[in-house]
Amino acid sequence: MPKNAPESIMTLFEQICDPSLPLPIPRLIGPVENWEKFATFMGNRIKTALFAVITHPTDAKMSNLHVGGDLGLFPVLRMLEFLRRCVKTQSLSTQLAGVGDISVLVRHAEVELSREMWRRWSCGSFVRVRHTEGGKLCSLWHVFMEAYLLSSPHGEEQVDPQVSHG
Amino acid sequence: MVDYLRWRSSRLYPGQKAWFGREWSRPHDIPLVESVYRQACLRDRIADPKEFVVTDDFIRWARVEVIQGMRGWTREMDAEKFARGQLVDKFVWTYSLYMVAGYGEAGRKKWISMAVVQTSDWLRDAM
Chain E
1 MPKNAPESIM TLFEQICDPS LPLPIPRLIG PVENWEKFAT FMGNRIKTAL FAVITHPTDA
61 KMSNLHVGGD LGLFPVLRML EFLRRCVKTQ SLSTQLAGVG DISVLVRHAE VELSREMWRR
121 WSCGSFVRVR HTEGGKLCSL WHVFMEAYLL SSPHGEEQVD PQVSHG
Chain H
1001 MVDYLRWRSS RLYPGQKAWF GREWSRPHDI PLVESVYRQA CLRDRIADPK EFVVTDDFIR
1061 WARVEVIQGM RGWTREMDAE KFARGQLVDK FVWTYSLYMV AGYGEAGRKK WISMAVVQTS
1121 DWLRDAM
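Sequence lines, in order, name chains E and H. Position 115 of the first sequence, counted from 1, bears residue number 115 in this note's numbering, the numbering being contiguous throughout. Position 83 of the second sequence, counted from 1, bears residue number 1083 in this note's numbering, the numbering being contiguous throughout.
It is possible that part of the hints are untrue.
As the list claims (entries may be wrong) - Simulated pairs of lysine-lysine, BS3-like, Cα-Cα distance not exceeding 27 Å:
1. H/Lys1081 / E/Lys136
2. E/Lys47 / E/Lys37
3. H/Lys1109 / H/Lys1081
4. E/Lys88 / E/Lys47
5. H/Lys1110 / E/Lys136
6. E/Lys88 / E/Lys37
7. H/Lys1109 / E/Lys136
8. H/Lys1081 / H/Lys1110
As the list claims (entries may be wrong) - Covered by chain E, per the in silico footprint, the following chain H stretches (three or more residues, Cβ under 8 Å):
9. 1052-1064
10. 1085-1097
11. 1116-1124
If you are wondering where the hints come from, they were derived from the structure by calculation, not from laboratory data. Note that the structure is predicted; figures quoted are calculated from it, not measured. Glycine included, every Cβ here is placed at the ideal spot set by N, Cα and C.
Only chain E is shown next, with the shape it has when bound in the complex (with noise of 0.2 Å):
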């Protein structure tokens, strides 16, 4: 939290990180003193869990991210849903306008969050059934897609509107 934050502010966060209470509704909470202070605070935070999510390496178990667990990935996540939604609540997003990169940085998360996923999706399919008859092809699909993400930056994916569900 920034330091001599006001007391508002310490409940707001409170509830936006605690995963038993719903999450706040930007459109509800009243002024916030310091908002862009306390954007950016919460934006720096979502950008040091994305490091660790990408850079949590894919091995034989620990593919799979537990959201859950040690990692405290969940508090950040609904960061990341509340100033999504800041964002798109009009009244907020003239205050947020000041804070330059946060629907930037909002959109960003969703890519890179969905890139991580699928990668953890396919490279867990190989680790399931490990035998010798398939060569290398295991670890060269680990080192594949790791290559693959680092070569096509996120900035360059477009985006479709209609999500598929085969």
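Based on these hints, arrange chain H on the given structure of chain E.
Just chain H now, with coordinates in the frame of chain E:
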């Protein structure tokens, strides 16, 4: 809370073209491979542990018709075609080959070990 996660995950997906575009025609006569492809194209996964990986029955990769189908597919594949494939294409091919090699008789056949070696080279080249 699971519903919340599902709702969020349905909004999360990588870009379509570079990842999910369909570059080659896959062998439609292997339903097992088609099912892997369908799963690879999902952008919405159920928050259930068995959905964390491809859901297939290992033993089905040992079936004669699957092995024959894969043999036909290996004849069509070459370095150039592989390089042209999108991410999903590359995954379905590599995974299917890996599974057929690991189950049943096919793993000891020369054509499949050749294909495994070649695919390893193609993957290295694609990095």
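Results for each hint:
no. : hint                  : verdict
1   : H/Lys1081 / E/Lys136  : holds, 21 Å
2   : E/Lys47 / E/Lys37     : holds, 15 Å
3   : H/Lys1109 / H/Lys1081 : holds, 23 Å
4   : E/Lys88 / E/Lys47     : holds, 20 Å
5   : H/Lys1110 / E/Lys136  : holds, 17 Å
6   : E/Lys88 / E/Lys37     : holds, 19 Å
7   : H/Lys1109 / E/Lys136  : holds, 17 Å
8   : H/Lys1081 / H/Lys1110 : holds, 22 Å
9   : 1052-1064             : holds (count 4)
10  : 1085-1097             : holds (count 6)
11  : 1116-1124             : holds (count 6)
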